[in-house]
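Peer 1: Letter by letter, the chains look like this.
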Amino acid sequence: AQSVTQLDSHVSVSEGTPVLLRCNYSSSYSPSLFWYVQHPNKGLQLLLKYTSAATLVKGINGFEAEFKKSETSFHLTKPSAHMSDAAEYFCVVIQKEGTALIFGKGTTLSVSS
Amino acid sequence: DVKVTQSSRYLVKRTGEKVFLECVQDMDHENMFWYRQDPGLGLRLIYFSYDVKMKEKGDIPEGYSVSREKKERFSLILESASTNQTSMYLCASSFNSGSGSYNEQFFGPGTRLTVL
Numbered sequence: 024a025q026s027v028t029q030l031d032s033h034v035s036v037s038e039g040t041p042v043l044l045r046c047n048y049s050s051s052y053s054p055s056l057f058w059y060v061q062h063p064n065k066g067l068q069l070l071l072k073y074t075s076a077a078t079l080v081k082g083i084n085g086f087e088a089e090f091k092k093s094e095t096s097f098h099l100t101k102p103s104a105h106m107s108d109a110a111e112y113f114c115v116v117i118q119k120e121g122t123a124l125i126f127g128k129g130t131t132l133s134v135s136s
Numbered sequence: 016d017v018k019v020t021q022s023s024r025y026l027v028k029r030t031g032e033k034v035f036l037e038c039v040q041d042m043d044h045e046n047m048f049w050y051r052q053d054p055g056l057g058l059r060l061i062y063f064s065y066d067v068k069m070k071e072k073g074d075i076p077e078g079y080s081v082s083r084e085k086k087e088r089f090s091l092i093l094e095s096a097s098t099n100q101t102s103m104y105l106c107a108s109s110f111n112s113g114s115g116s117y118n119e120q121f122f123g124p125g126t127r128l129t130v131l
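Sequence order for the protein chains is Z and P.
Note that the working numbering has the first sequence beginning at 24, numbered continuously upward.
Note that the working numbering has the second sequence beginning at 16, numbered continuously upward.
Treat the hints loosely; a few may be bogus.
Unchecked claim - Listed next, the stretches of chain P that the computed footprint assigns to chain Z, with coverage defined by at least 3 CB atoms under 8 angstroms from CB atoms of chain Z:
id, segment
1, 31-42
2, 99-106
Claimed, not checked - Calculated pairs, DSS-like style, for lysine-lysine (alpha carbon to alpha carbon, straight line, at most 25 angstroms):
id, chain 1, residue 1, chain 2, residue 2
3, Z, Lys128, Z, Lys65
4, P, Lys68, P, Lys18
5, P, Lys85, P, Lys70
6, P, Lys18, P, Lys70
7, P, Lys68, P, Lys86
8, P, Lys72, Z, Lys128
9, P, Lys33, P, Lys86
10, Z, Lys72, Z, Lys92
11, P, Lys18, Z, Lys65
12, P, Lys18, Z, Lys81
13, Z, Lys81, Z, Lys92
14, P, Lys72, P, Lys33
15, P, Lys18, Z, Lys72
16, Z, Lys65, P, Lys28
Since the hints were derived computationally from the structure, they do not count as laboratory data.
All C-beta atoms, glycine included, are put in the ideal place defined by N, C-alpha and C.
All chains, full assembly: derive it from the sequences and hints.
Peer 2: See below:
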């Protein structure tokens, strides 16, 4: 069965410093992986997705993630954090089109000035 | 833009009441989903539907049922609400491209349900 583990429940960074949110997955098949973001009192928004094309995926707002099969990881990064990046981030796996997403438990990103 | 709307942002009900949560999408998506979100647990799937009148159980279907009579509408029903069903409920939809690509799910804003 597929699963997702987000290794940090909370990450704190200073504005202008790099962001790293870690995600490991477990899957019997070649997975599709996503990162979603949820700002306070807002709906979930797709940041980026990996679907077996390029292993380095670029998303919105300067975020990117690299799929590493050997490490079963899909970490989310951003070179320079902005205050507006403060939110909860979810790493997600899906194995088959149309089936539901499997969410990690989320990582709360705090950004201080 | 895809729009997924949910009937209420906040709802307060009493134990034992029958509760209906409505979700409507405007992009003719085949797939619709209901999740609940709880702190520290992420999102967990309750039910999903591939087509009108079709439904599949997710990970935590106990205490819930669903209805999909029209393609654009997917309802979540709490037959007899209990306090442990106090949660944020999120609806999502996606389409089947048939090309093997994996399509994102679009989420509604959520309904925060409190059962007293």
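Peer 1: Against which earlier hints does the structure fall short, listed by number upward?
Peer 2: 1 and 2
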